[in-house]
Each structure stands twice: as C-alpha cells, then as structure tokens.
Amino acid sequence: MKKTASKAARAMSPELRPLIIGILAIITCAAFEAMAVVTAMPSVARELSGESSYGLAFSMYLTASLLGTVVAGSWCDRKGPRPALAVGLSLMILGLLAAGAAPDFWLVTVGRAVSGLGGGFMIVAFAAQWAVVRLADTESPGAATVSALVLLAAAGIVVVLIVLPALLPKGTLVLARGLPSIIATRGIVNVAFFGVEAFIPLMLVSSRGIDPGTAGLTLSAAALGWSAGSFVQARVTFGRQWLLVAGSSVLSLSLGGFVLATAVEAPLWVLVVAWGVSGSAMGMALSSASVLVLKLSAESEQGRNSAALQISDQLGGVVGTAGAGALFALLHDPSNPGHVPTFVAIWLALWVFTAAGIVSGLRGARFSDAGPGLTPSKSMEGTVPA
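When we follow the working numbering, the leftmost residue of the sequence shown carries the number 130, and every step to the right adds one.
Hints are supplied without guarantee of correctness; some may be wrong.
[Claimed, not checked] Pair ranges (Cβ atoms, derived):
| id | residue 1 | residue 2 | range |
| --- | --- | --- | --- |
| 1 | LEU223 | TRP371 | 41 to 49 Å |
| 2 | GLU394 | ALA357 | 33 to 41 Å |
| 3 | GLY368 | ALA484 | 16 to 24 Å |
| 4 | VAL481 | LEU346 | 26 to 34 Å |
| 5 | ALA478 | ALA165 | 21 to 29 Å |
| 6 | HIS468 | PHE360 | 34 to 42 Å |
| 7 | LEU477 | ALA160 | 24 to 32 Å |
| 8 | GLN431 | SER219 | 28 to 36 Å |
| 9 | SER435 | GLY467 | 18 to 26 Å |
| 10 | HIS468 | ARG146 | 46 to 54 Å |
[What the hints assert, rightly or not] The calculated SDA-like cross-link candidates involving lysine to any residue, where the alpha carbons are at most 25 Å apart (straight line), are:
| id | residue 1 | residue 2 |
| --- | --- | --- |
| 11 | LYS424 | TRP371 |
| 12 | LYS299 | THR168 |
| 13 | LYS299 | MET164 |
| 14 | LYS424 | ARG495 |
| 15 | LYS424 | ILE487 |
| 16 | LYS299 | PRO470 |
Hints listed in this document are in silico derivations from the structure and should not be mistaken for laboratory results. Source: prediction; values computed, not measured. Ideal Cβ placement from N, Cα and C applies to all residues, glycine included.
Produce the entire structure from the sequences given, and follow the hints as far as they go.
Dropping the structure here:
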C-alpha cells in the first residue's frame, strides 16, 4: 500500500513540493542563461572581434557540460546530489562572471567552458573545432602549421570515436533497433536544432540589421513551440514510439522551410513561425524519447540508460554547434559578415541530420511493447535484434 500511495503522489504534494520547486528553479535559471547568452553573443563577438570563433562560445559550454554530466553521475552515486549541485551552481556563476568581465573573446569562451562544467566530457572534440577555427583564421599558413592543425583535429575526432561507445548502449552508433536508436534519435535531432539555433541571432543581426533584443525574441518562438509539443505528446493515444518519427519528420520540414525562408529573405514572421514549429517537433520527440527509454529499460538499468540519453542529448548539441562553428569559420568573409549564403550553407549541412533522425526514429519505433521485460543485459546492450 505504501508503494502504491507513493506512486499516486501528485507532483505538488507536500512530500514532493520542495523537490519540484527546486528543479523548476534550476531549469529556469539554466534556460534564462542560455537564452540571454544566445541573444547577446552577436554583439559580444562583434565588440571583441571574435566573429570567426563565434561557435566556440557555444560548443565550449556544451562539451564542458558533457564532461560535468559524466563526472557528476558517479559523484552523486557516491555522495548524493547536494555536493554536486552546490559545486555546479558555483561554477556556473563563476563562469558567467568571468565571461561578462572578459576583455577578449578567448576569455569569453573560457568563461563559457567553466559555466558548462558547472551545468559537463568530450573536451577533445574541442581540440577538433579549435584546430579548424585556427586554420581558418590564419592567413597563408605554412605547411607545418596546416599539418599540425589537421593532425590535432583528426586526433580529437579519433579520441571521441574511441571513447563514445563506452558511454552509450551497444548498437547506438549503428542504429540498432529499439533502445539504441531511441537514444541516437535524441542526439541526432539535437545536432540539427541546436546548431541552427546558435547562429540565428547572428544571422538576423548581421544580415538583416535587426537589433539583438528582437533577434533573441525570435528564439522564444521555439521555446513556446517546445512547450506545446511536450503538451501534445503527453496526450497521444497511439504508440508513443511513432512520435519519434513524427517529431523528426516535422523538424525536417520546418528546418527545410527555415532554410528556404532565409535564402529568399522572407519576412521575419515567416522565420519565427518556422522556428516555432521546429521547437514543437523537438518537444514532441525529446519528451517521448525520455519515456521510451524508461519503458525499455529494466529497473536495474534505468539510471545508466537515462545517463546515456543525457550524454546523447548533450553530445548532439556539441556536434551541432561545433560543426556549425567550424563551417562558419571556414566560410565566413570578414568583409561581408552578413553574407546570407554562408548561413544557408551551414543550415543545409545541419538539415541532413533531420533526415538521419527520421531513419533513426523508424529504427527506434520497431521494438516490442513488452517494455521493461527486457533483461538487464539486453537493456544496456540495447537491443531488440536487428
């Protein structure tokens, strides 16, 4: 009876109310920080002559955040959540103060990394993007410089590919059916969405002359759409697994429309609508993925698989922003910072991942409805046979 009563407890019941309020406060602070930084970053990059390194300010945060997630997981298992939470909040505040007071753009990226660690593994994927950015920034680099930077980028990618499989369920990288593809889908759609999001304010400010505040408000359309998508997915009556496919498909259509609207310089409201629909697709797909991972995980594996889902989540953001930043550094023309084809090329490259998300979603949807009846070993291996 006690177990049943506990399950029936509502979110704002007296025993859960402090926890729920605390979680909402933390999420609100993180969301406000993310929205404020994206809004201000075009002006910061321009003032500190850091346009070519613009993407680093976002991907440094996300890679450090991925590291923090891996470290905090084991720390919480040993000591409970309070020490990790206190240190995380302190690092986030310290990083924000450092970035806000930075006189040079490279110090802004350091501050963002500290904040990300507080909010944090794959630092070597920085290695890769930093090498590309430096290569693009260097005028007529010598053969030795080019070779060293190319080797650094290649080393970063190789180390990521070596380490990553140990952090995700077996079969995730090859889109094995069921749990692995569900986790992969969440990372794949994040590549497209967050890679585009990081550069929307910069495009609006530099290409259309829109003030940073209005450019930042454009991002709110996705936040509202995300909430709507989450609301809808909680009330569906058909198989939730098909929401992965539906979300990826809607994201592909809306981002395709966004790219086209950018290319033809459509009115701002068209971009706002397209971006809002993209947000609704993310709310639909990501929330469903969280529920499905728990459904397909044996009870003894739910913590590990949930951590793998978060790693995929953050890694997708890292790949999206780092890749977009590297492309921007290579294509960016300092004499023409608002060159629209540059942004269109970046977003077309990211749009390809939405197609991959549809394929991954279809693979993830093809699992048994038996749910947590999977054995613990099958759960972490992730696999319903291909």
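| task | Identify every previously stated hint that the structure contradicts and give their numbers, smallest first. | result | 2, 9, 12, 13 and 16
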